[in-house]
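Build the complex: two chains, separate frames, hints provided.
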Amino acid sequence: MNYGEFIRFISYFLDGIFISYAFLLIFSYTTLSIISGVALNYYLKKNSFVDYNVILDSPLAPSVSVLVPAFNESKTIVDNIESIYTIHYNNFDVIVINDGSTDSTFEDMQAAFKLEKVNFAVNMEIPTKEVRGVYKSMLSTYSNLVVIDKENGGKADALNAGINVSDKALFMAIDADSILEPDAVLKLVKPFLERTDRRVIAAGGVVRIANSCLVENGRITNVKVPRNILARMQVLEYTRSFLMGRMAWAQLDGLIIISGAMGMFDREVVVQSGGYAHSIGEDMELVVRIRRYMSENREKYKIEYVPDPLCWTEAPVNLKVFGRQRSRWTRGTIETLTDHSKIFLSPQYGAMGLLGYPFWFLFEWLAPLVEVVGIIYMIALFLTDNLSVSFILVTSLFVYTFAVFFSTWAILYEELTFHRYERKMDVFRLWIAALLEPFILHPISLFFAVKGNVEYLMGNRSWGKMERKGFLHRKEKIKKNRFKSLD
Amino acid sequence: MQIKLIYIILIELSGCVDHVQGVLLVFFDFLKTFVEKAQSIVNYAFERLPYNALNGLIIYMIIVFFVALVFLLPSILFSKLYLSYRKKKTELLHQKYSKIIVRFLIDDLSEKELSDLKNVKSKFHRKILTAVLISIDTAESKLVSSEIRKLYLDMKLNEDSVRKLRRRWHHKIRGIRELSHMKVKSENKNIMDFLKRPNEILRIESQMGLIKLLPFVPFAFLDSQEKPFTVWEQINVFDLIRKKRIEIPEFHLWLDHWNDSVVMFCLDMIRVLKQREAAPKVMELLYHDNDLVKGKVIKTLVDLESEEAVVKLKELFLLEELPNQINIIRSIGQLRLESEMSFLIENINNEEFRIRMECCKSLVLVGESGIVKLKSLSENGDEELKRIISHVLDPRI
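Chains A and B supply the protein sequences, listed in that same order.
Mapping of the first sequence onto the numbering used here: residues 1 to 487, in sequence order.
Mapping of the second sequence onto the numbering used here: residues 1 to 397, in sequence order.
Calculated from the structure, these hints are not laboratory results.
One or more hints might be untrue.
A partial selection of chain B residues facing chain A, derived with a Cβ cut-off under 8 Å [claimed, not checked]:
| hint | residue |
| --- | --- |
| 1 | Phe66 |
| 2 | Lys80 |
| 3 | Leu83 |
| 4 | Leu114 |
| 5 | His170 |
| 6 | Pro228 |
| 7 | Asp239 |
Calculated pairs, DSSO-like style, for lysine-lysine (alpha carbon to alpha carbon, straight line, at most 30 Å) [as the list claims (entries may be wrong)]:
| hint | chain 1 | residue 1 | chain 2 | residue 2 |
| --- | --- | --- | --- | --- |
| 8 | A | Lys46 | B | Lys156 |
| 9 | B | Lys96 | A | Lys46 |
| 10 | A | Lys46 | B | Lys243 |
| 11 | B | Lys314 | A | Lys168 |
| 12 | A | Lys45 | B | Lys88 |
| 13 | B | Lys375 | A | Lys117 |
| 14 | B | Lys185 | A | Lys45 |
| 15 | B | Lys373 | A | Lys168 |
| 16 | A | Lys224 | B | Lys88 |
| 17 | B | Lys227 | A | Lys46 |
| 18 | B | Lys227 | A | Lys300 |
| 19 | A | Lys114 | B | Lys361 |
| 20 | B | Lys227 | B | Lys196 |
| 21 | B | Lys183 | B | Lys121 |
| 22 | B | Lys244 | A | Lys46 |
Cβ pair distances, simulated, as ranges [said to hold, decoys possible]:
| hint | chain 1 | residue 1 | chain 2 | residue 2 | range |
| --- | --- | --- | --- | --- | --- |
| 23 | B | Phe71 | A | Leu387 | 30 to 38 Å |
| 24 | B | Val64 | A | Asn297 | 22 to 30 Å |
| 25 | B | Pro198 | A | Arg8 | 50 to 58 Å |
For glycine and all other residues, C-beta sits at the position ideal for the given N, C-alpha and C.
Chain B on its own, in the form it takes in the complex (with noise of 0.2 Å):
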């Protein structure tokens, strides 16, 4: 029975592999006739144009772009059609194995189930996979973090992470992300050098791959830091601070760092952090060379509360560019200190608008005594200042 159905199969099928080769004759006969009746179309043309070559030129211009067309169009269809269908195709997988991880995670996988598992061979699965074990683990309780990581190595998935990390930068930033989520730290290495890349990306994702993957000295990636520590980076790395539980260095081991984006970044760690021990090695970078440094240091003694800094910074508000004039009074202002009031009284008569609204607005900050003394003033005081006097004044702003 099943030798005739094969008989008859191939029967079927030779039919139509010679109704096929009938086809293809018909329409290769088809694209001879249309070559030929553009040629002609083409000599029509080029022997009624004045210019030769030029007509040429064009003539097959428009050729390139009529044929560049034909080929856009079935591109954007086929784009369409092919994103959608892998999107959907992403999230029906990402679905199943999702129910398949949970299942495993509450023991509720048979072995046959757990084998078929972990021999999947596709590649697309296989980062699915990955990807869903790293959905779950973000999402779940640290409970599952070992069991996760143990299905993640027993599947070798570590060893297509791995494979990522020799492919283009962003099949790299894949791979580090995925090592350094499941703590395979046999890469350190590699991802240590990618740092040295000039690729701000993956230069990235190293750091916060090392980050996590070096508990101890998460941070020792600063030591080496070449390039400039973007503001963009050290929001990542603050973040990853404050989501994982990341061993906090003391940040003033690096204020003497040659490379300044560094310094400003541990100031501001330094500052959001409150390590209030590096005060005094704060105060010594009030005379850097960088007026951004020097920004950031101010603010930083300021939100560590060191009254010591006050007199330093007075001592430095004459020899300041404006913004770090501003800085200062701003600074004093926080501090809230009634016996700093005279200095900024001194400047409120400052020719610049901003420091005159900055001592007004530090008066406001000092108190009661700041708002009866800023109401004299407003009495006697010119007309930019009695506005001023009277903004700071208005608690609806």
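Next up, chain A with everything else stripped away, as it sits in the complex (with noise of 0.2 Å):
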């Protein structure tokens, strides 16, 4: 073989793998899709006989802690604790972590909420750093609210202090910011009274976007289309996550994660797993392990996906914040795929390890890094003079049309079943958006995508700042509201 000869067969062999790799995760998408639409025909009509109700007054409803982690939140803190009052159900206790926060977050609880330090003997089943007290609130709306004081140990380590002084059956996990849907606990416990052979460790649903939405007292009143093109791409993204991949991967008993925005548990499997490890991305993470531990113990499960949008959360909007965000999610992927590496096609652990995993590892780990290969291959043929335009054109038209149909895809979902957006101009600037979406946010996410694998190689385990700016157009509604309820 000669040197013209070799460099042919090397650029054979480069283009058969990205073809395949493109044609594999096409195929993967398009599949998710399929058994997603079916998956939510008919959570749809079964949702349509179930009255929540039953649960609110029912002596055999469990009882569920809302462990709330707050960092520096004190923009926000005192309006979301108000929020998460508004939802309805009954045997519910709210723990707040305030995770050694710098800023006021503590002091806006304590006056809000007429917090005292109570004697609360905290059992450390899970080991965290100094929880400095533990405060009850004297105010009778606010009864079962608790709040921890304790040394800044990140929020895998706030929510294990959380865990630990849990008494209930179930936990919900949510951030500081989450605004619930009122009928977001009933929703997700609803999963667990289901439970047959298989117990349910967990339930997850979707998160939504609420830049632009009006929130009032604590709820969602009026949902808008963001108005910043970055949110509004967003919007696109997690509808395509939440609705298509998803509630597919819930279906093939493939879930790996459930969002830390808005998760429930089963409270003694996470302890016995060891609770959520010290890591980037801990919700991942403790999805991943506690399967583990169940598969490893042969015990029967399954993780739930409620489809519903129970949880509305701020995304980002400057690039700074963005990509910081995004860079972490990365580092939590690459993180918790190699932590538990032993998963990988291991028929131990079921559709798990044969079809949960390699789809991360292949499609959401490796993507941005075989598109960045990609793009040096084509600059590389081009200098070379071995590039034909017209192929770069049309692959370039099938990966845009591809992307393009596949986010219209997600919005005919969406109007199909929850249809959030009733405006008609909302759906048009979300297609407007997807129209533009390949060339905004797409190369940003790659970029912060690759950016995350280097700082991962380079060591960076680091958080990352990331700030609110708060709901604004509720801020005057809920501070009237607020010393109302009160008196």
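Now the structure itself:
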């Protein structure tokens, strides 16, 4: 084989790899979307017969702790705690964990909810940083509010402290800036009640983007497509991921992530498997670990997924914060996948080992890297005068049409299922975002995903700072109502 | 005059047809040109691309995605418009028929209006009528039930409901709900067959339907319950027991059922409904193989205030796993028996934090003597015990 033939061989080989990868990716996404479509249809029909209110006053309903880790959340913490109290559920308590905030988070809570230090004996089932004190609200409205003040140890450590204090069978972990739908707990509890021979160890729901939505008294009252283009494109991204991806993975029993913004867990299983790990992607890591724990102990289990929009969160609108979030997500994915590499293609772990893990490895971790290598390869071909411009145009058009088609499909699912965007113009705006996304959000995400890989290699394991703008629309209204409710 | 008008209309129509023909010809011409152009672009691309087979595939996939997009976009728009139209129409019809039915109930409906109502043919309208009848019946006092049921039968809406039983599962459920609400018992046999279906929602609805339809043996379905009787099903059944006046059976009759989930449901019912006469049979289950059943037995015995159970519970304590040990201590505490303080104090130095905590909580429940004992234990206890005692003695927690 001479040099020319060798180069041609390499070129054919790489072409084959890239094309096969692209087709496999398209095939996977399309299959997942079809599975999710069928599952959504079933869910909606099933749900049309469900009266969640029967859970409300039933003596058979389980008790739930809502865990809210908070670090420097002074802007929003009081509003957010109040918003939690709008949920419909009877048997619950709220445990807020002040993770060594350096701002006035704790003082704000103390003043707003009349907190008093109590002699709480914490059972340190999961080791955490020092707990400085446990506080309880002396206001009757918030009699089930517990605040833990502890040394800073990160989100995972804060959640573990909350688990230690909780004495309920189930706990729901939410982000401090999450706005819950009133029936979020009812809907997440239901899968645990439907347990048969397989123990339900966790349940996740759909997280939506609240930017530009109107929030009143801790509830989303007017759903709007975000005005900011970056946030708007993230709406599409979330819709694709939660409504098409995770729904399908739950059907295949391969779900390996429940969003950190909101998820419900069986406390006993989480404690037995060691609680949250001090990792960057603690939400994904916990799901993988509790699944491993159950599989390795040969216990039948399942992880459920509720496709209803249950929780709203603020999406980053500036590049700096967005970049930090994406880099953290990438590092979290890599860390979890490398820490649990044992499950890769292992039949012992069922669909998680055979489908879920390989998918995340191939299409979540490797996808941006393959794309970058592809771009470099194209540049190399161009520089050596081996690149057909028509080929480039056609493959780019191919990728673009698929991306737009897939996002449009997601918009259709949203319309046929929960249609939360009621204005006709909102759908149009979303579709325009779908047309632009491959040129704006995708390259930015790609950049930060690659950056995340590089940072991981360089040993960066920090969580990064997430700045909240707060939900500006509600400020005035909430302040008025806050004092009403605290009377 | 009329003939002239019809003639004019016919002439206009033929003109329109000619016009449509012309438009169609132009449209087909355009379509032909479009296809030719698209084909020439595809050919152009093919000629200039390196590997033909692969390019072919890519280009055809682009066309597929593009065509799919062309279909998806109008689908989104159509679904949005259709859903809002349907929602509006349903609301309007619901209001319209609600008014009519209310007027019927207060005898304010003329013969003609009543006959029009009974002759409603549209499936959609009949579906709404059934829903309206059920919603009014649910909201109103029992006095109107017979009138509403009569109207439902007179309009032969029961036939629609029966037809639903032969369709797919979600229609079946609607049928069961309608028939059971209107107490139409002719399809009981069919509904019983649904109890064996793998579809859990259909099963639950069949159970609920049968509870309403068989007032004297509402829980007969428990006898043949093969599938696990989930907590969700139990919650629904319990809700029905509370809301409807259903004859409550003696749940201890199923305590020897081979299906543990049925046993657990019956234990919960015995506990919640305080069926004290069941206590001896419940006690027999203290040695059940299933730990979850045993846990429920312990709770039930305590809620039935069965002091005889305490001796057995104490005997079992050391043989049990941690969750049931905690249950036993909690249960003994709930009985508030001063005589059992020694057992609680005995276990207060257990290695397990949760048992220590439960013992202390139980001692507080015993009353003043328990609290005094705790305070004295705190003086000589280890650090952990001191923390636990100050926890249980803090009234704010």
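Outcome of the hint check:
1. Phe66: Holds - the Cβ of B:Phe66 comes within 8 Å of chain A, reaching about 6 Å at its closest.
2. Lys80: holds, 6 Å
3. Leu83: holds, 7 Å
4. Leu114: violated, 32 Å
5. His170: With a minimum Cβ separation of about 4 Å from chain A (threshold 8 Å), the hint on B:His170 holds.
6. Pro228: With a minimum Cβ separation of about 4 Å from chain A (threshold 8 Å), the hint on B:Pro228 holds.
7. Asp239: Since chain A brings a Cβ to about 4 Å from B:Asp239, closer than 8 Å, the hint holds.
8. A:Lys46 to B:Lys156: Cα-Cα ~27 Å, so holds.
9. B:Lys96 to A:Lys46: At roughly 28 Å apart (the allowed maximum being 30 Å), A:Lys46 and B:Lys96 satisfy the hint.
10. A:Lys46 to B:Lys243: holds, 23 Å
11. B:Lys314 to A:Lys168: Holds, because 25 Å separates the two Cα atoms, which is no more than 30 Å.
12. A:Lys45 to B:Lys88: OK: A:Lys45 and B:Lys88 at ~20 Å, within 30 Å.
13. B:Lys375 to A:Lys117: Holds. B:Lys375 to A:Lys117 sits at ~21 Å (cutoff 30 Å).
14. B:Lys185 to A:Lys45: Holds, at about 26 Å.
15. B:Lys373 to A:Lys168: holds, 28 Å
16. A:Lys224 to B:Lys88: At roughly 22 Å apart (the allowed maximum being 30 Å), B:Lys88 and A:Lys224 satisfy the hint.
17. B:Lys227 to A:Lys46: This hinted pair holds, its Cα atoms lying about 19 Å apart.
18. B:Lys227 to A:Lys300: holds, 16 Å
19. A:Lys114 to B:Lys361: holds, 26 Å
20. B:Lys227 to B:Lys196: holds, 8 Å
21. B:Lys183 to B:Lys121: With a Cα-Cα distance of about 23 Å, the restraint between B:Lys183 and B:Lys121 holds, given a limit of 30 Å.
22. B:Lys244 to A:Lys46: Roughly 24 Å between the alpha carbons, so the hint for B:Lys244 and A:Lys46 holds.
23. B:Phe71 to A:Leu387: 30 to 38 Å: holds, 34 Å
24. B:Val64 to A:Asn297: 22 to 30 Å: violated, 46 Å
25. B:Pro198 to A:Arg8: 50 to 58 Å: Between B:Pro198 and A:Arg8, where Cβ atoms are some 57 Å apart, the hint holds.
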